[in-house]
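Asker: As a plain string of letters, each chain reads:
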Amino acid sequence: MLNYDLYPYKAEMEADASTELRIQQNTKRKVSMMQGELITNIREDILGVGCRVYKNGLYGFASTPDLSSTGIKGVLKKASQNAGLLSSKIKTAKPAMLLPVGNGRYVTDYMMKTSDQKVYIDALRELDSYIIKNCPGLLNRSIVATEDSMEKLLAVSEGHDSHSTIPRSYIYVFMTVEGADGSPVEVFEPIGGFGVFEDNFASLDEAFKVTDELYKRAMDKKTAVYAKAGLKTCILGGHLTGMLAHEAVGHTCESDLVLSGSVAGEYLGKEVASSLVSMTDFAYEAYGKPAPLPVYVDDEGTKACDAKLIENGILTGYLNNRETAEHFNMQPCGNARGFMFYDEPLIRMRNTAVLPGSSTLEEMIASVDDGYYLIGTNNGQADSTGEFMFGVTTGYEIKNGKLGNAIMDTTISGIAFEMLKTVDMVGKEINWASSGFCGKKQWMPVGLGGPALRCKIMMGGR
Amino acid sequence: MRDFDKLHNIASLAIGELLAKKADTALVTASSSIKNEINVESGVFTLMRTVEDDSLSLSAIADGRKGKIAINNFDEKAISAAAADTMAVAQASEPDSAWVFAENPGEEKVFCEGVFVSDNEKMFERTKELLDLITKEHPLLTVNMVTSHNFTRSVMLGSDGLLYKNEVGYYDFDINFVGKEGEDTSSFCGTNFSVANLDTPFIEMSNVRQSLIECEEQIHTKALPESFCGTMLLTPECLTEFAYYLIENYCSDQSVMENSSPWLTKLGEKLADEKLQLSLCPRSDFAVGAAKYDAEGYLAENFDVIKDGVFENFCISDYVARKKGMKRAGNKSFNFYIKPGETALSDIISGIEKGVLVGRFSGGAPSSNGDFSGVAKNSFLIENGKKTKALREVMINGNLSKIFANIANISKETYNDGSVLVPWASFDGIMISGK
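Residue numbers (the numbering used here), protein chains in the order written: chain A, 1 to 462; chain B, 1 to 435.
For the record, the hints were derived by calculation from the structure and aren't laboratory data.
Beta carbons are placed, not taken as given, at the ideal position from N, Cα and C, and that holds for glycine.
Possibly wrong hints are sitting among the right ones.
Calculated pairs, DMTMM-like style, for lysine to aspartate or glutamate (alpha carbon to alpha carbon, straight line, at most 20 Å) [stated by the list, open to error]:
id, chain 1, residue 1, chain 2, residue 2
1, B, K22, B, D160
2, A, K118, B, E103
3, B, K332, B, E103
4, A, K77, A, D5
5, A, K89, B, E41
6, B, K266, A, D181
Partial list, computed: chain A residues near chain B (C-beta under 8 Å) [what the hints assert, rightly or not]:
id, residue
7, Y59
8, A62
9, P65
10, S115
11, D116
12, N140
13, V185
14, N379
15, S384
Not close to chain A: a few residues of chain B, all C-beta gaps over 12 Å, as computed [stated by the list, open to error]:
id, residue
16, N9
17, L13
18, S159
19, T414
Given only the sequences and the hints, what does the whole structure look like? Please build it.
Answerer: The following block contains the structure:
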């Protein structure tokens with residue numbers, strides 16, 4: 001665990017400025033195996049201190065890997081100088097200091113651990129042996145073990161100081177089979193979540209179970225058909241719903257994007273979805289359980305709380321930092337975070353989800369005469385217009401209320417605030433995912449989730 | 001910022017530690033970097049940022065087992081601990097004779113490129129100059145900009161005496177904007193470029209001017225009430241994206257190792273349209289700040305992936321090349337050069353009966369067989385030789401190898417952003433789906 005004392009430096013923070021001083025360590029472990037060959041075997045530890053000063057409506061930031069007193073005092077000074085340099089050239093009518101958020105201190109109770117590289121390699125060897133034994137007929141198998149973490153020590157001039165940890169670890173399983181036309185088709189699934197590798201993978205039973213399910217999907221995909229292009233009735237699986245919540249709504253509701261012109265700026269207080277749809281960016285807990293990647297205090301010193309975005313179809317809020325919260329007269333909920341020690345806090349999502357409803361998945365599939373059940377995704381993108389796109393890697397036809405052929409990889413898209421109005425069934429159970437990175441000038445690990453949704457959506461295909 | 005001698009000493013210390021801990025061969029890179037950056041958000045200056053960092057990458061091979069560690073601490077104790085970790089990582093892995101570092105070329109190599117000291121005043125002036133112009137001439141656009149100067153000094157040292165010294169400094173500019181009028185909003189638009197100096201106003205760089213104009217045209221879009229088979233005209237940025245996908249699917253380390261590349265046995269065959277020359281050229285003048293060597297110590301050389309339609313080279317690393325008994329690629333960059341054609345862009349457009357001009361592709365990664373499907377962003381309908389309405393919610397579908405095997409036209413005009421030099425290109429027979 002990080003063991004530096006930042007609190008004495010609070011005395012050096014300027015009285016007429018808002019200052020954040022953050023020591024941060026990011027770690028990364030990655031081992032990958034392809035056809036049983038170990039092809040990646042790396043470890044990375046990056047540690048440093050960054051400081052941001054807000055003064056007279058402008059920000060200055062500086063960072064260094066030098067954690068000596070000289071280094072820390074140096075970034076305090078340089079950040080202030082940078083803010084001063086800008087304000088010597090620019091006059092702004094913005095408030096002189098950031099919105100007050102109340103003082104306090106949060107300290108994590110999660111103790112970070114370090115595993116030897118052998119732990120990851122041995123786990124992959126065991127899983128690889130399982131795949132060889134139980135998954136015949138594959139053209140290719142690849143498995144990847146990853147662990148990444150962010151540990152932060154934060155001291156602020158006004159707000160909540162904190163010591164926080166967000167470790168997460170995964171095993172990704174990729175399987176390739178020969179498709180009906182002789183071309184390779186691929187399926188994959190990540191397994192894991194919050195926690196270090198030794199915690200999540202003390203036993204590989206869950207990994208074996210997911211591997212079996214993935215193998216079935218791979219076999220189904222051998223006879224996959226092309227989806228038909230056009231507007232279709234679809235049941236989105238929970239992970240896709242989560243991607244929708246993140247890409248199609250979450251990004252457009254980030255206040256900096258609202259100020260840059262995103263469509264959400266026109267819709268506050270208005271209907272953007274059917275009344276069955278509600279959406280929240282959870283801070284650290286959802287429905288009595290820990291959220292996938294919990295945030296208790298953000299990098300501006302704001303104590304985190306849930307941010308409601310859509311309530312019964314009405315757009316009710318944005319995601320803010322302290323500055324935009326004041327601008328929009330909203331409460332900041334702890335959405336400002338930086339990825340590395342040298343990154344300034346940006347408005348980021350945390351654990352964004354559509355809230356569950358009352359339908360079962362079986363009921364939802366049975367209700368579709370001609371459509372698709374879409375389950376897996378490999379990426380998604382958002383746009384200022386509210387148009388979204390997801391790659392779909394696993395899906396099935398639905399014919400007369402029953403699952404049919406698997407479909408080839410395709411893409412779905414739509415305008416979020418139009419598509420969400422077509423939602424007429426919402427599933428009971430919420431599925432979470434947290435393995436990817438969100439990209440927005442910096443990377444950031446995020447959680448996303450949701451129940452199944454029945455809706456109309458544009459399919460790419462033939 | 002450490003000088004070459006200090007970085008050399010740090011690298012030497014690390015090599016010594018690795019050899020003392022029983023590495024057979026070792027390769028270390030020690031770097032120091034500094035970035036100065038100015039940010040504009042929603043049309044106003046917001047942030048000035050100065051970032052300093054160090055980087056120490058240690059790779060070692062012992063009994064054919066390879067380990068690699070990266071830290072950002074030059075403290076002697078940290079170096080010793082990192083060396084021990086590197087050896088532990090190596091010992092945990094399996095012997096593989098394909099892990100090899102580049103041999104010492106026999107002489108020290110020194111690379112120096114660009115401007116090493118940031119001119120923050122000039123950076124601010126150029127950024128403000130463009131912001132003022134946009135405010136005046138494009139009032140419907142809201143702009144975000146990041147202008148930065150990046151300087152890195154590094155030393156790569158091998159246990160056999162390989163020694164490379166590299167200093168590179170350049171400016172990066174990234175701009176994105178959204179147009180808004182009434183209730184209508186454009187898609188995200190933007191561009192970026194890298195330059196060695198700030199002599200030229202930003203409006204004249206790359207396609208900044210054209211991007212601003214097209215973004216305004218994209219505010220009021222129309223849905224396409226039909227699906228048809230037509231011509232897809234890709235802008236250079238979009239063509240770069242498709243070229244990247246082509247390489248990833250057919251020529252990359254992963255596609256070769258997995259045996260999923262449909263081109264595995266087709267080296268030397270004509271697989272693309274004879275108009276196509278696709279090369280990777282980090283050692284060309286258009287590539288600002290490009291890598292001069294890779295992480296294994298191989299010096300970068302330009303090479304052709306496809307020339308006159310013939311598949312000339314895979315884009316594979318030394319490791320994959322040794323595993324498969326194939327030839328290593330000359331570099332690992334994505335500094336694309338696509339040879340321009342002889343037809344003016346205006347003539348290409350006037351020759352299209354029905355199609356779309358695609359500014360940006362938003363889609364999932366193409367599947368292993370090259371099928372792609374995605375949204376045509378920042379796009380315009382082309383009808384009877386004219387660019388007409390701005391479109392929304394239009395999807396394009398096709399297959400990578402098929403479209404590159406049948407290129408309708410390549411423009412003589414090119415686009416250079418300091419990373420790539422590519423033209424416009426059109427492709428017939430593309431499925432274009434409206435709502």
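Asker: Could you work out which earlier hints the structure fails to respect and list their numbers in ascending sequence?
Answerer: 2 and 10
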